[in-house]
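Residue numbers (our numbering), protein chains in the order written: chain E, 1179 to 1460; chain U, 15 to 360; chain X, 38 to 529; chain P, 13 to 530.
For the record, the hints were derived by calculation from the structure and aren't laboratory data. All values reported here derive from a predicted model rather than from experimental measurement. A hint or two may mislead.
What the hints assert, rightly or not - Straight-line Cα separation of at most 20 Å, SDA-like style, residue types lysine to any residue; simulated pairs:
1. P/Lys113 with U/Trp272
2. X/Lys408 with E/Pro1214
3. P/Lys113 with U/Phe280
4. P/Lys113 with U/Leu276
5. U/Lys170 with E/Pro1188
6. X/Lys162 with U/Arg96
7. P/Lys250 with P/Glu455
8. X/Lys408 with E/Pro1399
9. P/Lys70 with U/Trp272
10. X/Lys146 with X/Pro176
11. P/Lys298 with P/Ala493
12. X/Lys290 with X/Thr257
What the hints assert, rightly or not - Just a sample of chain U residues kept apart from chain E, beta carbon distances all over 10 Å, derived:
13. Asp102
14. Glu137
15. Met150
16. Asn188
17. Leu347
Quick reminder that beta carbons are idealized off the backbone N, C-alpha and C, glycines included.
The primary structure of each chain is shown beneath.
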Amino acid sequence: MNWQRLLRHPSLVIGLGAATAFALLGLISLVWTPYPIEQIVVARRFLGPDPAHWLGTDHLGRDMLSLVMSGTLTSFLVAFSALVIGVGIGVPMGLAAAAWGGAVEWLVLRISDVTFAFPSVVIAILIATLAGPGELNAILAIGIFNIPVFARVARGGALAVATQDYVAAGRLAGLGNAAIAARHLLPNIASLIIVQATIQLSLGILAEAGLSYIGLGTQAPATSLGLMLRDSQSLFLIHPWLGIVPGLTIVLIVIALNIAGDGLRDALDPRLRREGLNHGAG
Amino acid sequence: MLPKRATNAMRHLPPCGGGREGGQPRPGFPVTLFILRRLLTFAATLFVAALIIFILLDLLPGDPARFILGINASEASVAALRTQMGLDAPAHERFFGWIAGMVRGDFGISATQRVAIGGLIAERMAVTLPLTMMAMVLSMLIGLPLGIVAAMRRGKPADTGLMILAQTGIAIPNFWFGMLLTLVFAVALRWLPTGGFTPWHENPGAAFRGLILPGLALALPQASILARVMRTALVDVTGQDFIRTARAKGLTRSEAIWRHGLRNAFLPVLTILGLQFAFLIAGTIIVENVFYLPGLGRLIFTAVSERDLTLVRSATIVLVLAVTATMFITDLLYTLVDPRLRRQNA
Amino acid sequence: MNVTKPLALAATALLLATGAAWAQSSEVRIGVALEPPALDPTAGAAEAIDVVVYQNIFEGLTRIDQNGAVQPGLAESWEIAEDGLTYTFSLHEGITFHDGTGFDAEDVKFTFDRILAEDSVNAQKALYEPIAAVNVVDPQTVEFQLSRPDGLFLFNLGRGDAVIVAPESADNNASEPIGTGPFAFVQWDRGSRVILERYEPYWGEAPALTKATYLFISDTATLTNALLAGDVDGTNNFAPEALAVFENNPQFKVLVGSTEGETILGTNNAKEPFSDLRVRQAMAHALNRQEIIDGATYGYGVPIGSHFAPHHPYYLDLTGTYPYDPDAAKALLAEAGYPDGFSATLKLPPVAYARLSGQIIASQFAQVGIKLELISMEWAQWLEDVLGNKDFDLTIVAHVEPFDIGIYADPNYYFGYDNPDVQALNETLNATIDEGERQRIAQEVQTIIAEDAVNGYLFELAQTGVWNAKLDGMWQNAPIEGVVLRDIHWVE
Amino acid sequence: MALVEIDKLNISFDGRAAVSDLSLSIEKGESFGIIGESGSGKSLTALAIAGLLPDNAKVSGSIRFEGAPLPGDERAMARLRGRHFGMVFQEPMTALNPLMKIGEQIGEAAELSQSGADIASLIAEVGLLPDHAGRFPHQLSGGQRQRAMIAMALASAPDLLIADEPTSALDTITQALVLDLIAEICARRGMTLLFISHDMRAVAALCTRIGVMRTGQLVETGETQAVLRAPKAEYTRKLVAASRMERRATDRLHGDPLLEVEQVSREYGQGGFWPWGRTTLRAVDKVSLTIAQGECVALVGPSGCGKTTLARMIVGLDNVSAGQMRLDGQAYRGRDLPPLLRAGLSLVFQDPFSSFDPGMTIGQSLAEPLHLLGNLSSAERATRLHDAIMSVGLDPAMLDRYPHEFSGGQRQRLAIARAMVTRPRLVVLDEPVSALDVSVRGEVLNLLARLQAEHGLTFLIISHDLDMVAAMADRVLVMEAGRIVEEGKPADLFAHPQHALTKALMAAQLPDITETSW
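Chain E extracted, bound-state conformation (with noise of 0.2 Å):
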């Protein structure tokens, strides 16, 4: 598998080209952006775009597009750290599962039932009352909805890889399961994982979107695009403005990733497509 390959699906390169930009956009803000966002002035609030302010000003006079790229930012980073989560927890014990079989693997598919049992709104009202809400709590209620489904990607496919000879060769070789698990059975699934990573993060995305506009994510003064969209939500009438340019930057966000994650499934690996199917998580 090289480069070039990847390059001939066109899905692919849009879709990874288009969320590597808003995720630079995000990264940018960090160290620039074009107004500092916690800078109110009110005075210079509901500005249409201008030279001076790109995408105007938001109801509390704060540059729009200075808004938009931290935004940006939070709601990368929100999705990818519960996608750590996700990814850090679940997949290790979809592989101990397969691997150790028996009563690990019985007890990974139980914790895996119970967590999927909450909806992730329930635990992020739950994770807010006892810790308050914020990015933090987003990133937990996200990250534990995540982890079974890690889990269960990650055990069907290392059952899957699991049957495969050369994993009875190095059970030959002496190998114990945690090597087992880490030398054949997580490489053979990482792009079945890479593919389920791409939609986690895009539901991660919306999920944030929506934790924060029922007011249990990203808090002020920082700031998320699903934040700017509750901010915006009851101006809309008056400023629709407000609110369309965080919309359309989450549509256009999540759409990148999905792209890319189809192109990803079908330039990895055209089994993939069966497989990967758990496009409804999240």
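Dock chains U, X and P against chain E, hints included.
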């Protein structure tokens, strides 16, 4: 770069560990036993979930008694109310009391609303459940036919167009979509109410109308996902040997897909439908806010902000029950649809 | 902004075209943001309870009118003894509760005994502590013995917390309220609405409305849509940011009035560095009130310089005490030993004015070097953290009790202000009945707390109602919480 | 008039030719066979006749059925297929709709062709029991499924039966039965047969005329006996030669016992976590056997007889339920095999495509067992890898390459190299050549024989291929239902089988191609 997997080899894998011919007739596995086993797992899941909820809520900061009495209440009044609400008992007594109560169907009394929680939850379920069902049905009515059309017209403009539409549908946050729907169909056209809910017994028609817009808002992303899943599943099935067999029998490609493909393609769709219920439940919590529907999600939301612990935990466990029960039912349905699973147990 | 105008215009045009489809009738649907947790105003502090029941289902011996004045209620008249310690009330005749039971002096005695009982769960029990005894003279006469004079006694009797309940029904009032008011409770679809209907045997003048429905819509955008679509006829307090939707729309009328809500930057006076007067003065100088009012209330708030409602006759304009002056703020901070400012937390309850003001204040404070960390919390947690445990640096909250300057005399109150002078003045004020004297004392207290910069004084919340243009009789001001239906009617 | 006439058929995918310039004709009533290895285009040719090629196939040339060109219209073609063609495919498991009962599937075919065929009699005709009609495909054995497929193909009373590798997924005994059934039915109904297989013997047994295909081209065609006895094409000659097994084993002196299996049983609990509802399946039942140093022992038996389970326990992939094994006198129960002892054992898998991790280089895979020997110096490791790959006749430069770069035969050599890298004494070979094309089987077997001779290896071969066993083994063990039922030298055993199973296995042996007497 990532390794290419030995895809050919997979085809040759025996279904179980034995010889590659994999051929002995297998004894049927008793279905009742399977159901019993799933039921036990189901109950265990619920119990663990209840324990988690209880532990989390027991840690909650904020005193419901203080909340009820507000900013100027005296310490004595607050303490009196706390005792009255039974917040002084030890944790394990409260937990098992709660569980035992639920088993009897007694969910206790709401701390802030002072009425039986069972009734409160039942009232809210009369909104949330139909709403979820409505969304489920709508998403199937929209998603499945579109998915089938796309699969049948694979690679043609109709397919591309539908899949672009589906991508967009997945990407639009449902609460935002809900608001846009309201603006068009309720505010501008006045075809449907902006929100609110008329109880079923009062006017079933009005109740139904009240659920259409929120149902649509919830259904859009799920319909898009379903359309994609349906399409992929059908395209996959189309490549299977038994479709070729069916064509060899004298069916055209599309006849073969209709007669043999759809039912098989429905298996992955069923899995997704089961998962979707959980997302719809989560989605209702958000959408109920947009349409001021008195659903279970808002009940939990309000109860949390009022620190009504007994209500929160019972309402949460009911949500968890709904999700778990759906997974259970999906399992059973799967067993019904797929005869291969009737003997298996994993 | 150019893009927005056409859309707003289009929406308006559409509405004009379709018109308010609602047939003129004697029914009204009112949108309110918060749903009450229960409907018994004597057993909970939630403002939302009063919004539904006050003066509609329940009545007190006196009632407060829309200007905040005390009017006769269930008591048609009263006499006050010379010493101000004995009040004798003559009750109206022929009053019945909605369940048909009669109302008499025994019910009054029951109500107040219940408020003052050991296990009382009345949120405002403290207000009624001066009552030493309630004596039934005859079925139409009841006598209150006070342990000390109380200038606000008649007002307090008119509050929702002191409405008269019957012993037969008091225990069920939380879910099935039974009072003596012009409207009787019909049903409560929890999470959705409360329906009231005119109580035909009402003792007083019959209201024009026959039915009122309160719809609970917390989301501003949703409420906007509901109003525009005609699903709701009005709301008593609409989020100011979206008022522009209705301001130039002839289908609607916007009622802007006053409330008793002094919005303050609550400051923990007992804690470093806020225990230093210079720090508090610096913060006062750093506040740009007008920007906060514009940003958080879209200009609808009235600036205040102390803890007192501007529409009250005793009000003294003290907004100039510490004018907006960042340089002075920096100088004061340097003098107090914080030349580079300091960091503090700002705990915000879940209300729009607090969350918005918090962001603006954080931005303003940043300019003088004070770095604020905003912490959003639910009411229950806010009550526990801020009010209960006094675990906070700064907070923003509106104090909606009428004439509540007395809280500055309580050193245990959450902002921890301990000034013997104010405490002494408050005691005198409570015992004083002479109007002129009361005004003088009240103004002195206002001045002291303003100069001490106990809290940051921001603005008086405005009441911004949006109603169908054909509705009349709504209260413009909110001297007390409630949406009083009594005078509301449709006009052609 | 020929029933089917193919003229200059070309099939290509994305510009790559899969079948080129193929012309042949099949006469009414004859049995025509196409022989070819994987990728030769034989199946595509069959699909082309039935109009079932994949969408992305580019086709040119003409195919005529009963003198008329195949209709281009999908519906007309479908009806033609339904009435006149019957098809049987290789994998009966995937070729049957898993969600429909057998009877319904057969009934559908009858209904579509309007043949009015009776399902019950069809089921009886293919040797199934009446109650099989009510079963789902997964409830049948492989042979039964293939019989059901045949019944389905017959339901339309077709003129032409196309059988595409109908027996290659079946075990020997079942294969023979199914082939007999096809031959018998064709003869009885006077049906034309197009039989496609890589198995020369099966084709020889069934067909009057054959064509040999290689890389999309028909290299030779003619009367079966003529082609097989006197092949004209070089490729045909090679195939014919490869299909004959020569005995490679020489009588050797055997040393002391190397492996002793003592009363070993293996039971599987089925039913999962909960204790009730469990049933016990005894896969291996008190098996005892001894293999001497330097011996080559073959374990034969039908699928599901427990031979693979036994092998897995011997190599330490699974634990015995009862009994024990000894390697070099040291007792073990399976997975408890200590590393150094493990190094003395190795296993060569059946499927060369799945026996290498696609993400690892050949060198990494080959080096994996080396850590059983403790810490080797990197020079020592390099030497071992070098020796191992040289010993199977491959280039050490291949160590840095990835599995997908190799053909099946090369991979099986590499798998053998991996088995040799620890310089084991006992090598277990699980169907070592059955997944390989006929033409490379001989090479791999020769390699194994050479290695055994050079290194004094002991072999345990698991197989159901009696020819191969006869060629390789010193001693044969016959296994059925978890027990060893007969044992002996191959010559004796096959000449005078005692046990019913051995007799059945012998009977199922297809006659040697040149022995077929038509």
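Discussion item. Hint compliance check: list the failing hint numbers for this structure, sorted ascending.
Written reply: 9, 16
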